[in-house]
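Q: Residues per chain, in single letters:
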Amino acid sequence: MDPRWLSAALGVALIVAAEAAAQPAPQPAGSSETRSDWNVSAGYSTFAFRDIAITGIPMDGSPTSLEGGGPALGGRYERSSRGRRHRFDVTFARASGLEYLTTVDRTPVPAGDHAVRVEGTYDYRAYPARDVAISGLDLGVGVQTGLTWRSLSRRYAPAIDHSRSEREAGVAGVAAARFGRWPRAELEVAWTAGLAIARSSQTHTGDSGVDVDYWGGGWRSDLALEGRLPIAGHTHLGGRYVLGRIWRMSNHHTYSSGHGQLTFGVLYVR
Amino acid sequence: MSAERRRYLAIALLPLLAGACQSVLGPTEIEGEWQAYTSAHFSLHVRPGTFAEQSIPTITEWLEDQYAVSNARLALTYSGRVTGLLYPAAEDAGRTFDRSGTGYPETESFKAVCTAPLDGGLLHLLAHEANHVILWVGLGRAGTSLMREGLPSAVVSERFHPVGPSFLYDWTTRNATRLPPLIDLADDDKWEGYPQDVAYNTSASFLAYLIETYGPDPLKRLHGATSAEFVRRFEQAYGRPLDRAEAEWKAFCAARSRA
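Protein chains in written order, with the numbering used here: chain R, 1 to 270; chain P, 271 to 529.
If you are wondering where the hints come from, they were derived from the structure by calculation, not from laboratory data. Just so you know, not all the hints are guaranteed correct.
Stated by the list, open to error - Far from chain P, by Cβ distances over 12 Å, these chain R residues were calculated:
| id | residue |
| --- | --- |
| 1 | V109 |
| 2 | R167 |
| 3 | A169 |
Unchecked claim - Chain R is faced by these chain P residues, among others (derived, beta-carbon under 7 Å):
| id | residue |
| --- | --- |
| 4 | A306 |
| 5 | A310 |
| 6 | S325 |
| 7 | T377 |
Computed from a prediction, not measured in an experiment: that's the story for all the values here. The C-beta atom is built at its ideal place from N, Cα and C for all residues, glycine as well.
Given only the sequences and the hints, what does the whole structure look like? Please build it.
A: Below is the structure:
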């Protein structure tokens with residue numbers, strides 16, 4: 001993980017934690033009290049890709065990683081009470097400026113190579129354990145389902161184009177810990193892990209003109225750290241860092257891909 | 271430590287635990303010291319002071335020759351650079367035996383355990399792994415294990431050691447009673463059931479024969495065919511059923527061996 005990202009994420013976490021701790025003691029919140037948020041955010045997302053030869057634990061991955069980065073945009077609607085939460089998320093991320101990274105060198109690949117990810121998820125989360133150990137710490141569990149479209153476009157020297165796109169549907173479980181003063185400032189860390197099934201399309205416009213569709217499946221996980229704090233009236237400032245990884249296996253094609261995404265946005269809270 | 275501090279510590283450890291799961295379930299990382307040697311089409315990474323580093327001039331000459339031969343035999347145009355990690359021992363590479371390797375074509379890389387001596391076996395290993403990259407980039411994703419593992423051996427150069435087609439044709443004749451039916455080798459569900467040397471050599475011998483007899487074009491049309499499509503697409507590409515081509519291939523190998 002890039003240390004600058006980690007620093008930024010920890011900075012957000014500390015600010016929100018300090019704000020949360022400074023809030024007055026929570027009033028008993030009835031289960032009927034709800035909050036609705038609209039959120040738009042923007043930031044930066046990294047992309048990393050390695051092909052896998054031998055599956056199992058640990059996976060035998062390529063010594064070369066394909067990496068890059070670019071803008072990320074997000075939108076979200078959330079409806080929550082202190083005990084539960086429904087969230088709809090949409091994310092767009094595009095990575096370019098890709099490079100091959102090994103332990104000894106870094107080599108740019110053709111400038112037009114790029115990766116795109118468009119993701120829509122629904123997340124339901126319940127917080128059955130509240131004020132665990134210390135006041136304001138809630139533990140949650142949940143389920144997430146969603147659809148993702150990914151593409152990776154490459155040009156191999158001298159002019160062999162290869163592109164692959166995937167349509168993926170998945171379901172995952174979520175474990176979360178939230179600290180704060182609901183419904184005001186809060187900080188949350190959540191780990192999401194689950195399974196996905198994907199349909200891939202591949203085009204290879206080099207020598208053979210192969211055009212192939214195939215099914216695959218695999219595992220995915222996200223580690224997310226996010227926080228919010230009020231800045232004026234109904235307006236909050238939110239920050240989110242996500243470290244995501246997928247592992248995909250299909251006939252004669254297995255790979256691991258990851259992304260890190262740091263976004264900041266404004267929330268309108270009702 | 272007070273109870274309150276222990277609680278805060280436990281809270282702080284939660285994200286670290288989740289992060290550790292992310293790492294354990296992911297691919298292995300490459301560790302330790304490496305030195306890179308670059309040629310026209312290869313970047314070879316070796317551990318300093320090892321047999322592989324001492325053999326870089328010869329290995330580079332082998333691989334550059336193989337690069338040209340693979341492009342020529344299959345009429346490919348690939349001109350990118352391949353990264354190869356040459357490990358000094360199996361345990362360093364996380365493998366169970368020496369002289370093994372793996373290709374990672376999408377990132378134009380391979381790994382191989384590179385142990386002495388500089389013989390035909392080592393050349394074949396390195397050429398086979400480099401070919402995984404060259405052929406994937408040049409032809410796209412193979413549809414069967416027969417094609418994915420057979421083709422990289424079928425086009426191994428024989429300029430320095432006779433470990434390419436001439437070895438495969440001779441091996442085919444000497445092992446005539448052990449050869450699996452090609453229709454079974456083209457079935458990925460049955461591929462793993464055969465001894466690895468038999469599956470690899472039989473596939474490679476047949477594909478080398480097809481390239482030598484019919485040229486690269488029909489093979490390119492067959493390359494992406496899946497197990498379910500293989501027999502039908504073979505007949506479309508070569509104008510003859512697979513079982514007839516199989517008999518012709520065996521006769522070809524026998525004639526080559528007699529010669």
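Q: Hint by hint, say whether it matches the structure.
A: Hints, verified against the model:
1. Not every CB of chain P is more than 12 Å from the CB of R/V109 (nearest about 9 Å), against its label as outside the interface.
2. The claim that R/R167 is not at the interface with chain P holds, since no C-beta of that chain comes within 12 Å of its own (minimum 18 Å).
3. With a cut of 12 Å on Cβ distances, R/A169 stays outside the contact zone with chain P, its closest approach being about 21 Å.
4. Because the beta carbon of P/A306 sits about 5 Å from the nearest beta carbon in chain R, less than 7 Å, this interface hint is met.
5. Given hint, P/A310 at the interface with chain R, is violated; its Cβ is 12 Å from that chain's nearest Cβ, farther than 7 Å.
6. Taking 7 Å as the C-beta contact cut-off toward chain R, the hint placing P/S325 at the interface is violated, the least distance being around 19 Å.
7. Because the closest C-beta pair between P/T377 and chain R is about 4 Å apart, less than 7 Å, the hint holds.
Figure legend: structure checked against the earlier numbered hints; hints not met, in rising order: 1, 5, 6.
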